[in-house]
Each structure stands twice: as structure tokens, then as C-alpha cells.
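S.K.: Residue strings, one per chain:
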Amino acid sequence: MSDLIQSFLNPEIPFLRNALIIGILSSISFGVIGTFVVIRKISYIAGAISHSVLAGIGFALYAKENFGWDWFHPTLGAFGASIISAVIIGCVKIYGKEREDSIIGAIWAIGMAVGLLFISKTSGYTDPMSYLFGNILIVSNMDLYLVSALDLVVISVGFLFFNKLQASSFDEEYTSIRGGSPNFYYFLILILTAITVVLMTTIVGIVMVIALLTIPSAISGLFYKRLAPLIISTIFLTTIFSVSGITLSYITDTPSGPMIIILAGLVYILSLTAKKVLKLLSA
Amino acid sequence: MELIESKYDNEIIIEDVSFKYNREEVISKAHFHIDRGSFVCFIGPNGGGKSTLAKLILGLLKPTEGYISIFGQSPLKARGRVGYVPQYTNFDLEFPINVIDVVLMGRLKKGSLFYNKQDRDAARNALKSVDLEGFENRHFSELSGGQRQRVLIARAISANPEVLILDEPTSNIDATTENMLYKLLFKLNNRMTIILISHNLTFVSENVKKVICINKEVKIHPTGDITSCSIDKLFSHPVKFVEHSTKVEEIHE
Numbered sequence: 130m131s132d133l134i135q136s137f138l139n140p141e142i143p144f145l146r147n148a149l150i151i152g153i154l155s156s157i158s159f160g161v162i163g164t165f166v167v168i169r170k171i172s173y174i175a176g177a178i179s180h181s182v183l184a185g186i187g188f189a190l191y192a193k194e195n196f197g198w199d200w201f202h203p204t205l206g207a208f209g210a211s212i213i214s215a216v217i218i219g220c221v222k223i224y225g226k227e228r229e230d231s232i233i234g235a236i237w238a239i240g241m242a243v244g245l246l247f248i249s250k251t252s253g254y255t256d257p258m259s260y261l262f263g264n265i266l267i268v269s270n271m272d273l274y275l276v277s278a279l280d281l282v283v284i285s286v287g288f289l290f291f292n293k294l295q296a297s298s299f300d301e302e303y304t305s306i307r308g309g310s311p312n313f314y315y316f317l318i319l320i321l322t323a324i325t326v327v328l329m330t331t332i333v334g335i336v337m338v339i340a341l342l343t344i345p346s347a348i349s350g351l352f353y354k355r356l357a358p359l360i361i362s363t364i365f366l367t368t369i370f371s372v373s374g375i376t377l378s379y380i381t382d383t384p385s386g387p388m389i390i391i392l393a394g395l396v397y398i399l400s401l402t403a404k405k406v407l408k409l410l411s412a
Numbered sequence: 117m118e119l120i121e122s123k124y125d126n127e128i129i130i131e132d133v134s135f136k137y138n139r140e141e142v143i144s145k146a147h148f149h150i151d152r153g154s155f156v157c158f159i160g161p162n163g164g165g166k167s168t169l170a171k172l173i174l175g176l177l178k179p180t181e182g183y184i185s186i187f188g189q190s191p192l193k194a195r196g197r198v199g200y201v202p203q204y205t206n207f208d209l210e211f212p213i214n215v216i217d218v219v220l221m222g223r224l225k226k227g228s229l230f231y232n233k234q235d236r237d238a239a240r241n242a243l244k245s246v247d248l249e250g251f252e253n254r255h256f257s258e259l260s261g262g263q264r265q266r267v268l269i270a271r272a273i274s275a276n277p278e279v280l281i282l283d284e285p286t287s288n289i290d291a292t293t294e295n296m297l298y299k300l301l302f303k304l305n306n307r308m309t310i311i312l313i314s315h316n317l318t319f320v321s322e323n324v325k326k327v328i329c330i331n332k333e334v335k336i337h338p339t340g341d342i343t344s345c346s347i348d349k350l351f352s353h354p355v356k357f358v359e360h361s362t363k364v365e366e367i368h369e
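Just so you know, the protein sequences line up as chains A and B, in that order. The C-terminal residue of the first sequence carries number 412 in our numbering, and the numbering is unbroken. The C-terminal residue of the second sequence carries number 369 in our numbering, and the numbering is unbroken.
Next up, chain B with everything else stripped away, as it sits in the complex (with noise of 0.2 Å):
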């Protein structure tokens, strides 16, 4: 008994998941569970429901039908615990919001107004974990979309969340910063899980311990087990496909 309530607290837990919009089903029965301390792929076509699920699993959408535990608690009650970073090119660049500002905001609680000194240290702390320290004060508009990108890692890891959804982090990014984003990823990964949501399906590293392919209805698959018959099905139509198992480090050299 004891075994079976420890595993249920080490898992996020997808069951019979189905998601209706406006009556049209954006997610048919996904049915899966990520253990902690891993890092997942979500791929699938723009459209097919990724993001969708991340914000089941963030609680920021109900299911039509069926359960999801995070660790063992619903996805409102698990909200703390769920890092999210969400695309950074939805922002308003002429918001006038500097950097520190932009981080606290993960520290933002139910019921307590003001930002505290350990809210400030833990902001710092976020901030000097992807290596933007000394940014602080710099304004939100004038970095570039990559360090836009941490400041938003940094907001969602200075609450120390155990699990961190990342929607499509290297959509315009240029290659190197892309591989630096993935080293501070597989470095956060030793702390947290990791979900990486991207439609980019040149990114598949050993690291990556699963993918889970969606377009309505969900397939897992084990790294290295994506053949282009899956992606074809996935996409519905032929895609090319670039087999991947180089390291990332190795790509960057």
C-alpha cells in the first residue's frame, strides 16, 4: 500500500483525459504518466492540442472527462508546485516592466500583497541560475528573445516549482542561444521535471527521456523509438525528418 500511495506521489498522472471546445474534442482520451525527475517532449502540429493539455495539467483548464493528479493532487491544489513558461513572444513589448519586476512575479502568493525580502533573494537567485545576473534593472524590451526567455525560466523557477512546463522555448531563437537554453533545461532537470512543449521535432536528445506525440489522441514513445512512419501519422501527412542522437554538447561543438 504504502509502495502504491509513494508512486502516486512521484508522478504526474493522465487518465482518460478528453478536452472539449466548444464542443469540438481538442483532446480524445489521453491516457499517460511522467515520472518525476524527467524531462518530456510534447510534439505535435500547431493545433493538434499540446498546449491544451499543459494547461489541464497547469489548471488553468478543467477536463471534459477524466483525472489528473500532479504528485498526488489536482492540478488546482498543485498549482505552487507547476512552474510555467509560456512563449515570450505573446508579450507587449512596450509594457513598461523591468526585469526584477518581471521575475517577482513568480513569487506572487495568494493573500499576501507586498514582495518580501526572501522574495527579492529568491528572484535574485532565479535570475543568477540563467546566468542573467546584473540584469535586474534592465528593461523587459531591450534584451534579446533568448534572455527574454530565461528572465521567463527565472519567473517560473523562483518559486521552486517541482515540475516546469516550457511552451515552444526555441520558437524563434537562433541556434546557439537554442543550445544553451537546452544545457540550462538538462541543468534544471537535476532539480525539477521538466515538459517541453515545441511542433520542432529536430530536437531529440538523449537526455529526453520521452516524447508523447499529440494531435487529438496521444502516443508515447520511448527516445530513439520515433521512427518517420509515427511522425507521419502524427502529422497526417509526410514530414521530413532528421534523426537526432547527438548530444546536445556535441551539436554546439
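Just chain A, same shape as in the assembly (with noise of 0.2 Å):
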């Protein structure tokens, strides 16, 4: 344990300290941008804008190679990626007349390929499985300068429209009727959802970046019937999640982002089964 406490604070290894704060920073805005995605069931559409970040991540590494752009950091890239395709999907529900659906399931593969492409057109150490399924070797100290301003976004925003949130996903109608525009909201949920999805991309990696998203929610669900404790319980959970998550890969050498979610996902079905026991006892 002495020697777990040691790595930490071991300045030869940064990374893990990285990992760890990104970890806990990154889970207030799980806590809130997750629930409000359970909540009005758009985890598909989440689930396509953090796919669709590989674009971005593939592009940064192929630009700072090849254009010679060193500030063009992947989760930068991850950033300009993911606020796109919230846009595009936006847009798409609001004055489009195609199928929202095929739309999504086009932008999470395309986002995708494309960022393949960009990989195996960039030469030097990248191994898109980190980015795919997290690894808390690439998390440097910009990735935490990044996280943190993005965290602060997301918190900021999260707190002062939090009212006009709820009621919004609760019902768009009446919101309108009050004179607050429910488009404005969805969008607002939509890139916030975006920024969020980037906050954990080198950690939890892209492919499951969603689940870490979706369960603790899920699981809050279970016990809190109001949307505060709701999110307090999320972001609680979240942080475990990512701190113990973090910390058994690192001991055990293993990816970071299936352990985070394998650890989640037994939580959840723990949960499930709690709550029918609970139930059949009381019955």
C-alpha cells in the first residue's frame, strides 16, 4: 500500500498522479452531464460523439507530424471533433428532415475511419488501441491543464442552467411557453456532453468512455428519486469508478479504461440485484 501511496507522489511517473486528479476532476462533470444523458435517453447520441473523437485525435497526431503543428494537442483534436459532430446532430434533430438515427449511426462510424486513417498515415509510436481503450501512460501534463479548464466549463454551465435543464428535459413545451427555447437547451446539453465525453478519452478511451457515462447514473437511479442526490450519488460514484479503476491497472498492468468500466459494470449489476432482494423482502 506504502508503496502504491509512493508511486503517486513519485515525480519519475506523473502520469498516474495525472490520471488520478483528471480522474476525480472528470467525475463531477460525469455526475452531471451523465445523469441529464440518462435521463433524456440520448446515450446513443452520446455514445456517436465519442466515437466520432478518434477524427479528432487522429488528425492532431497526423497534423503535429506532418504540418509541423506542435500545439495541436489529441485531446484538442478530441475537442474540435466532438463539438462538431454535437452540432451536426443538433442541427440534424432540429431542421433536418433526415432520419436522426441514420445520421448518428453515420457520424459514429465516419468519425471513426476517419481517424483511423489519420493513424496509419502517421508515422512514430501510435497505437490507436490507447485512444480506443485507454491507457494512462499518454496522459501528459497538458492533457490535465486541458481537462481542468474543460471541467470548469462544463461545472459552471451545469450549475447556472441548471434549472432551465431540468425543466427542459422534463418538457420542452412548457418551456417554450415560459419563453426559454428547448432547441437552445438541447443544444446546450449536446456540447456539453461533447466536452465532457473528452475529459476522460486518454483515461477511459473512446470505445467506453459511454459506459462510464451511462451506469453510475444508472445505478444512482436505482436509489434516488430526485434529480440533486441523483447526481451527488453520480458523481460519487464516478469517482471511485476512475480512482480505484486507475489504480488496480496500474498494480495489475492493465488497461485502464475496462477496468474502470469492468468495475462499474459489477457495481451495476450489484445494485440490480440489491434492489430486487430489497423488493422481495419487503414484498
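If you are wondering where the hints come from, they were derived from the structure by calculation, not from laboratory data. For glycine and all other residues, C-beta sits at the position ideal for the given N, C-alpha and C. Be a bit skeptical, because a hint or two may be false.
[As the list claims (entries may be wrong)] If you anchor each label on the Cβ, the simulated ranges turn out as follows:
#1 A/Ile223 / B/Arg139: 15 to 25 Å
#2 A/Ser252 / B/Arg139: 52 to 62 Å
#3 A/Ile223 / B/Lys233: 52 to 62 Å
Since each chain sits alone in its own frame, please combine them into the complex, following the hints.
M.R.: This is the structure in C-alpha cells:
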């Protein structure tokens, strides 16, 4: 155990400390936005946004090598791609006549395809696996700064617009009668989802980030029926899953993403069972 | 001149209003007035355009032709003055929200992000006037259909509207609850104009001053004027018709 604490404090391995800080910081955004994603039933949209992030990461890696854009950090690329996908999906829902469903599927796959092509044309060490399934070894100081800044944006916007987001998620029509624009709040949720997804891509990976966004909220939903306690419990669970997942992955030398998701999944199954048993006992 | 103006300020005016959705005419040349303080019923078959007309008055839709004025203001400007109670069955019961948060939605304002004490007091008072005091922290889904309906009425009246529009408030509600609901609406009618949308013809009471029949075209009947002939025409096939002249209170007994 003391070895473990020493490793966290060891300046030679900053990535571990960075990963843990990122995990804890992003848990707040995950708790707030994950809950909205679950209650609005848009986890498939969050899935499309998170997968399309690979296009941005791939382009950033490619641009760094081929155009000498050293400032273009993969997390910035991820951020750009996720915002673009969120805007496209939002516009399709509001203005488009196409089937929203098909567009979401297309963005999901095209994003990944573009990313993989860019990565394949980038020499040097770029293993797509790291981005797909999470790897704490790629967490840099720059990631820490970017994630902190984005996290702050999500938390402050989430706090300021809490009442309006809650209202428009519950009843869009009534929100517009009261002078609010449901489309604006829908866009806001998509943009915040896009940013949130980016926060944890390096740790959990593109493929599984959606699970960390939805499972903790689904667990909390079994026990809480009000939005505020539900969000607080989700933040708490996400923190526990990410910190213990990162620690376990470091100890066992396994990828961090699967570790975190397996933990979350196990607790979900246990909670479902516990709730069933409690119901049977009380009946 | 003054007289005309004050009359204008005391009426909801629907003038030659047509509404087309995807080129199909849903409302055709609707033309009627509703006096301030009256209790009117929009009746007609499903898909006949009742809800569309309500949405036009609420400013959620724009008429393709014609003109709507609510006490002298356009529907968009009058939004704060019109309360709306949607069908309670439209809601996702999994949604984690409690009663007071639903009612507080009625106090949403453009440009302000948080609810203040005044908003909370108004919400509590609204709950009190629908006899749901003490239900503040109950979860919305735990309530019965009639209670949920009353929560939505509380939400609408928390902003002190001058007009209250209710969309099919009695669907899926048992007779006792229905009577309670009408008693509440008649009480509210002392403070505000009430427009009740229904495809259910059993409800025509003395308190209802005007029945507006909507099936693309709009026909107006003062209560008591409805004959089975006009109803058949409205639904374009013969329907069973029960005439009511009893007061709601009497039905309840």
C-alpha cells in the first residue's frame, strides 16, 4: 500500500498522478452530464459523439507530424471533433428531415474511420488501441490543464443553467411557453456532453467512455428519485470507479478503461440484484 | 373609442385564422371571440384541430392566415398571461423530479437562472389552491393521475395567468376525481378565463358559458344549444349523445 502511495507521489511517473487528478476532476462533469444524458435518453447520441472523437485525435497526431503543428494536442483535436459532431446532430434533430437515427450511426462510424486513416498515415508510436481503450501512460501535463479548464466550463454552465436544463428535459413545450428555447437547451446538453466525453477519453478510451457516462447514473437512479441527490450520488460513484480502476490498472499492469468499466458494471449488477432482493424481502 | 379599446383588452380574438401543416389545412377560417372571465369548452373529434387551436393561442404555432389577439396582445407577447396544462399522460414517469420542482417550472422566466423566494412562495400557494399542500417533496411518478393533473394545474397557475388552457384534463380519470377537478376549475374561473379542450361530450354544465366545436371548421354554441344534430355534423357520423343539464355538484351527490 505504501508502495502505491509512493508511486502516486513519485515525480518520475507524473502520468499516474495526472490520471488520478483527471479522474477525480472529471467525475463531477460526468455526474452532472451523465445524469442528464440518462434521463433524456440520449446515450446513443453520446456514443456517436464519443466515437467520432477519434477523427479529431487522428487528425491532431497527423498534423503534428506532417504540418509541424506542435501545439495541436490530441485532446484539442478530440475537443474539436466532438463539438462538430454535437452541432451536426443537434442541427439534424432541429432542422433536418433525415432520420436522426441514421445520421447518428453515420457520424459514429465515419468519425472512427477518419481517425483510423489519419493514424495509419502517421509514423512513429501511435497505437490506436491507447485511444480506443484508454491508457494512463499517454496522460500528459497538458491533458491535465486542458481537462481542468473544460471541466470548469461544464461545471459552471451546468450549475448556472441547472433549473432550465431540468425544466426543458422534463417538458420542452412548457419551457418554450415560459419563454425559453428548448432547442437552445438541447444544443447546450449536446455541447456539454461533447466536452464531458473528451475529459476521460485518455483514461477510459473512446469505446468505453459512454459506459462511464451512463452506468453510475443508472445505479444512482435505482436509489434516488430527485435530480440533485441523483447527481451527487453519481459524482461519488464515478470518482470511486475511476480512482479504484486507475489504481488497479496500475497495480496489475492492465489497460485502465476496461478496469474502470468492469468495476462499474459489477457494481451495477450487484445493485440491481440488491434492489430485487430488498423488494422481495419487503414484500 | 375608449369603449372599443377596453373591449379589445377583454377578449381573446380569433379572426379568420387558418393553419396549414404540410399543406394540409388543420384549421380553416376560425373566427370567434372569448370574453374575459368566461369558461369555454373546445370540443371535437381527435385530430379535429382542438389542440392546434390551443397551440396557436399559446403562440407555440403561428397561424398561416388570420389574426389572434389575447387581451390586446399577440400570442407571443401574451405568453406570460396564458397558463397551459398539457395532458398528464405525456410525461416520462421515470424522470427524477419532485412535485415542487414541477410547479416551479411555472415560474421560469427569461433572463433569470435561479428561483427566488417569491417563486417558491408562489409555487407553494399554487399547490395549496389545488389541495396538494404537503406534497412538495413527493416524487411526481408516485402520484395518482388526478394528483398529477392537479400538480400541472398548480404549475400553470403559479404564474398567475389570466387565461388557463387545459388539454383533455379528464382523460383517464375516474368520475369522482373528474368532479373534483371541475369544482377546482370553477373556483379558478373566478380569477381567470378557462379554456377546456375535450373530445368527451359528457361534460356540458351550466357553468360552461360557451362550447366551441372544432373539426377543421369552427362552430360556436352557447350551452344548451347543442342538439344531437349539430353533434352528428361535427363528428361527421352519428354519435351517442347524453344531454346534461345538471350541475356538477349534483352529479357528485
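S.K.: Now tell me, hint by hint, if it's right for this structure.
M.R.: Hints, one by one, checked against the model:
1. A hinted range of 15 to 25 Å for the beta carbons of A/Ile223 and B/Arg139 is consistent with their spacing of about 21 Å.
2. Taking the beta carbon of each, A/Ser252 and B/Arg139 are about 58 Å apart, inside 52 to 62 Å as hinted.
3. Against the hinted window of 52 to 62 Å, the Cβ-Cβ separation of A/Ile223 and B/Lys233 comes to about 36 Å, which falls outside the hint.
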